[in-house]
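K.L.:
Sequence lines, in order, name chains L, S, D and Z.
Numbers 727 to 1077, taken from the numbering used here, label the letters of the first sequence in order.
Numbers 727 to 1077, taken from the numbering used here, label the letters of the second sequence in order.
Numbers 727 to 1077, taken from the numbering used here, label the letters of the third sequence in order.
Numbers 727 to 1077, taken from the numbering used here, label the letters of the fourth sequence in order.
One should not assume that every hint holds.
[Said to hold, decoys possible] Lysine to aspartate or glutamate pairs mimicking EDC-like chemistry, simulated, CA-CA at most 16 Å apart:
id : chain 1 : residue 1 : chain 2 : residue 2
1  : Z       : 1008      : S       : 775
2  : Z       : 1008      : S       : 772
3  : L       : 936       : S       : 775
4  : L       : 1008      : D       : 1011
5  : D       : 936       : Z       : 1011
6  : Z       : 936       : D       : 772
7  : D       : 1008      : L       : 772
8  : Z       : 731       : Z       : 1011
9  : S       : 1008      : Z       : 772
10 : S       : 1008      : Z       : 957
Read the hints as simulated data drawn from the structure, not as lab findings.
Bear in mind the structure is a predicted one, so any value in this text is a computation, not a measurement.
Protein chains: 4
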Amino acid sequence: MVTPKRVKVGILGASGYSGIEAVRILARHPMIELTLLTSEHYTGREVADVYRHLARLDLPPFEELRADLISSRAEAVLSCLPEGVGAEAVAELYRDGVKVVDLAADYRLRDPAVYHDTYAADHPAPHLLKEAVYGLTEFHRHELREARLVANPGCYPTGALLALLPLIRKDLVDPGTIVIDAKSGTTGARRSPSIEQLFAEVNENFRPYKVATHRHTPEIEQEIGAVLGREVAVLFVPHLLPVSRGILSSIFARPRSGVAEDDIRAAFAASYSKAPFVRLLKPGELPELRAVRGTNFCEIAFVLDRRSQNLCVMTAIDNLGKGAAGQAVQNLNLMLGLDETAALLGPAVVP
Amino acid sequence: MVTPKRVKVGILGASGYSGIEAVRILARHPMIELTLLTSEHYTGREVADVYRHLARLDLPPFEELRADLISSRAEAVLSCLPEGVGAEAVAELYRDGVKVVDLAADYRLRDPAVYHDTYAADHPAPHLLKEAVYGLTEFHRHELREARLVANPGCYPTGALLALLPLIRKDLVDPGTIVIDAKSGTTGARRSPSIEQLFAEVNENFRPYKVATHRHTPEIEQEIGAVLGREVAVLFVPHLLPVSRGILSSIFARPRSGVAEDDIRAAFAASYSKAPFVRLLKPGELPELRAVRGTNFCEIAFVLDRRSQNLCVMTAIDNLGKGAAGQAVQNLNLMLGLDETAALLGPAVVP
Amino acid sequence: MVTPKRVKVGILGASGYSGIEAVRILARHPMIELTLLTSEHYTGREVADVYRHLARLDLPPFEELRADLISSRAEAVLSCLPEGVGAEAVAELYRDGVKVVDLAADYRLRDPAVYHDTYAADHPAPHLLKEAVYGLTEFHRHELREARLVANPGCYPTGALLALLPLIRKDLVDPGTIVIDAKSGTTGARRSPSIEQLFAEVNENFRPYKVATHRHTPEIEQEIGAVLGREVAVLFVPHLLPVSRGILSSIFARPRSGVAEDDIRAAFAASYSKAPFVRLLKPGELPELRAVRGTNFCEIAFVLDRRSQNLCVMTAIDNLGKGAAGQAVQNLNLMLGLDETAALLGPAVVP
Amino acid sequence: MVTPKRVKVGILGASGYSGIEAVRILARHPMIELTLLTSEHYTGREVADVYRHLARLDLPPFEELRADLISSRAEAVLSCLPEGVGAEAVAELYRDGVKVVDLAADYRLRDPAVYHDTYAADHPAPHLLKEAVYGLTEFHRHELREARLVANPGCYPTGALLALLPLIRKDLVDPGTIVIDAKSGTTGARRSPSIEQLFAEVNENFRPYKVATHRHTPEIEQEIGAVLGREVAVLFVPHLLPVSRGILSSIFARPRSGVAEDDIRAAFAASYSKAPFVRLLKPGELPELRAVRGTNFCEIAFVLDRRSQNLCVMTAIDNLGKGAAGQAVQNLNLMLGLDETAALLGPAVVP
């Protein structure tokens, strides 16, 4: 049997939370070889000296980022650099013909003006905003197969949009009534020194933050609006959970008159019946973080409450999995013509 | 200086989570003497042998519940017996002239039919349902001073109603649009053997439960309806947090046309400007569990989102404090003609 | 290419913490097919209905235990039944020619008298005690290849003995001075209803228990004594950590006169240089739970403190991995003539 | 009744973990008035704007540290400034006649050479090292009543010495065999930005650190040596627990020949029978963190293991309570001629 040649892939910003999760996933990918890992903080160090759980995996060391040299080292790249930091490198890689999945927010918003309003900066490569494919895999699978630049969705938008887009597509809810109450583990924030993310500040605590002002709001609205064909405003309320990983979103909307449970179930089935990573739960089951932790899966359930005439859809994802590195690998698989599920089917560790 | 005689008070079901919290609070109350503690599970044992944090507090031992003998031992009683278990004992105490604060749900619903629908049982003393004062202190302070039987509110209803009643009173929101997304620590459930409450089942997890079917829903609707003068249906979605104590509720409703931030702030001020345990936060501040843990305080903040035309009100309480034993002591203080705040002003331990 | 036939394996008591971890591991084993899962509690239910993280893995349903029928369904069995409960079933399987790895304590102690003293019961099959191979893989690899009955080590003994046996073998420490201070996550206890394992009882707490009286003490002493050739008494002090998984053991002993760091390092290398699951850390590195969580790895480090003339050896394992299901699969692999590491090399999920 | 004038007290470094705990305790002290709170980070801000759990307590705002002006504002000071930072200010206050309890390590070591070896710096006021009273209250109560400068013990030394000094005093153990295995919550480290203290780095993890090299070792050895009358070396192994507060220490030593349980119990009784904050547990009881969290109490138990000829003594304290701010207030009470227990008797909040 001839072993097919593995694709050379690099990870930029490989030592942060989403970066190292991407390393963990790709280290055992049957068709990919990790050839390049960059880290500003740990340049020159072996991965296993910093992250012992990745010992014995035959990984390249962390090295400095040299965007101009990447095309000779990797055919494709996951960029886990922070917002703003990686935008120019990504543009350079695109120009050099390297396929890129960008896990930062830089290429998600298609309108440079919205980008400016949201991130208080001019976009360094506005011409690429229309080139980038929004990497919510289940809704852009065909474009992703041809994509050269993928804007990997934010963690919160992934949890919210997987609940909402099937309903919007079928016009089952009033888009003007959408409320997203989301709760995230702490690795949604960067792995950098911080007082408010100290253990003793987060432990035994729970709190909302950036209510109605979080930067993921325009991203959510853009994608709903794209399906809807017009602008929409939603209320997005994030909270910080005392867990390391996971986002549970409870999403509320008023159903259109006459909508029944079967309509909703059919809408989800239409979007996800062939989706390998979306688990539409049975009636009576409800999502929970632990069932998806460390995986690329999304759990979805809904309750149609006739008394209050409200629909509640709930999703659970791992913010580092389907919310970041997992979905990035899923998209990379598609871009490279590989099996969409390669390296992504390991079950969660419970408890 | 003559020391005034202290009031003799008993606690029924004193060894559960809310019971032992009531012991902790009352053990240092300047005007109350704990004369009776009952516990089915620990009958005959000293409190400090079971709960060492209560060592050296000169407490009576746990003993068996004998409802007929209580009136000779205590002038007032907090009943922390479980739903259904304590209803008859409470009725007997009422008959014997003992003042009672019942922390269970038995006397909260005024309509026996709603009680039957909610708890799948006939009420053992339906004639008392109209006698009981609903103990949401901030809204029933005058009746509580005269009350002989207080139905202490549920933990979730406390967090929700403190947010909603001021707005309903002033007709600032459309009651038909209310959604309550609440997150509770694990002591909201009873201290009894259980698999689903095991550490390894709750830790690093987060999940909704009883979506739109939780038994606290009719209680919330009853109290809103009482202010509104008509029936209302709300959507109530509880979640289980991996923390021991605390409830954070995010409550959504559509504001009436033209309602401004100042109107909302004024409504809260009208209800709470003299309330010693409600902290209306400043603009920019948001509630968090740790600020109220171990206390009888409630934090409230709101965000009026003009873009989506939604109002989000957030409250934080300790489910064992303002959500149970704390509010029970607050009500007891009023019933006994004592300072409403006695024994309740200690600050939270942070972190 | 011809796919080799997979070995049919059953798991008894498959729905408890170690049982379901064994399911998780074996569900993706390339050479094993899970053909039988028993569970008293969940008889008749699909695995994925109880444990959603194991959805889509093509598993048999939970069924009742019928020991007499197993030999027709499985060539080998992991028994995760509790202490005492499974001993007779294991004896029956042995008689029927089914290879068994018993994760309970029933076949670990070779002396029926010690078993009786420790477990306050007569052993139901004392003739098998000498047949069973003690499954601390790194020290019994050759016997395990021929074994028909393996007594899988206790979680605490695994963490302690991996630290101690290399030193005892080379006579580097005084066996009369051994102290084992061990800290375990909560899944060391069974998944059964319990007050003391409730989240609110364990969370934000830490405590020793069964100091010098834990049932794993004779097991540890037996294995040290077997290497030493004489009886030994050690002090074993377990503690309960507020984490779901993992055991960190700090083990103290007085080094023999003249023993140097190099001697100790050489002793560990002699025992583990070819061991795929033991990571002897570099000087300056110290074990931590997260590096091994969800895996079959053991981390070991030591500090020789000349000032106090003490040696401290520290090990980290996952109590459900190398401390239970992981090591059981490692042993099963050997018994079945498979690659020792099959299905066991996935890295930990960090954080 | 004439209310006695309250003593004016200041807290330096009042916004860190031990500082704010001192604020919490003293805010409700019946005989002390907080007149000065300094904080470099929060200069100019109201306490309740930073720490909402301290709302409504009538506290002065955080201000800049001006050591030369303190004597006009406060009769006594708790210095919660970090190691090294506060040493000169403390010396200046001493000179100005302000009574000081220093919670940092600067005045704990009596030998400037040991200080230099431990902290890699020359002591800025070596002449004061002999003036400072070591504030392990139970062993220096008489000197503390006269003290002008108290070196408040480290958190780990407090937990270790309360176990060991009674035994050393009575010569019940061989001091050459002492091993201290201690486990601390995260607030043992400073409240400052840090990656290794991030929630996701500590949560679900447990690890030893600074094995045999922690700076508290010389402090422990100094105090044992002072009782013993000669130098001693102990092995001290700290670990980081995923809890916010608390230190559980398990301390091992070989008992002198013939020592019985009664001897040990008598030794502890001799040291602590009148100590209001030390709880010697009954046989069968073992210390746990939650019983002391948020308090100044220390729980002690021991197990004499005849099989292995080892003694294990276990203590539990709150590292911010008896391990820092609690003990500092206890010492301050003595220095000011107040009731030793004032403001310190509130029970722990459990769970």
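K.L.:
Take the hints in turn and mark each one as holding or not.
P.N.:
Verification of the hints:
no. : hint               : verdict
1   : Z:1008 with S:775  : 9 Å, holds
2   : Z:1008 with S:772  : 13 Å, holds
3   : L:936 with S:775   : 46 Å, violated
4   : L:1008 with D:1011 : 47 Å, violated
5   : D:936 with Z:1011  : 10 Å, holds
6   : Z:936 with D:772   : 48 Å, violated
7   : D:1008 with L:772  : 13 Å, holds
8   : Z:731 with Z:1011  : 43 Å, violated
9   : S:1008 with Z:772  : 13 Å, holds
10  : S:1008 with Z:957  : 58 Å, violated
The earlier numbered hints that this structure contradicts are 3, 4, 6, 8 and 10.
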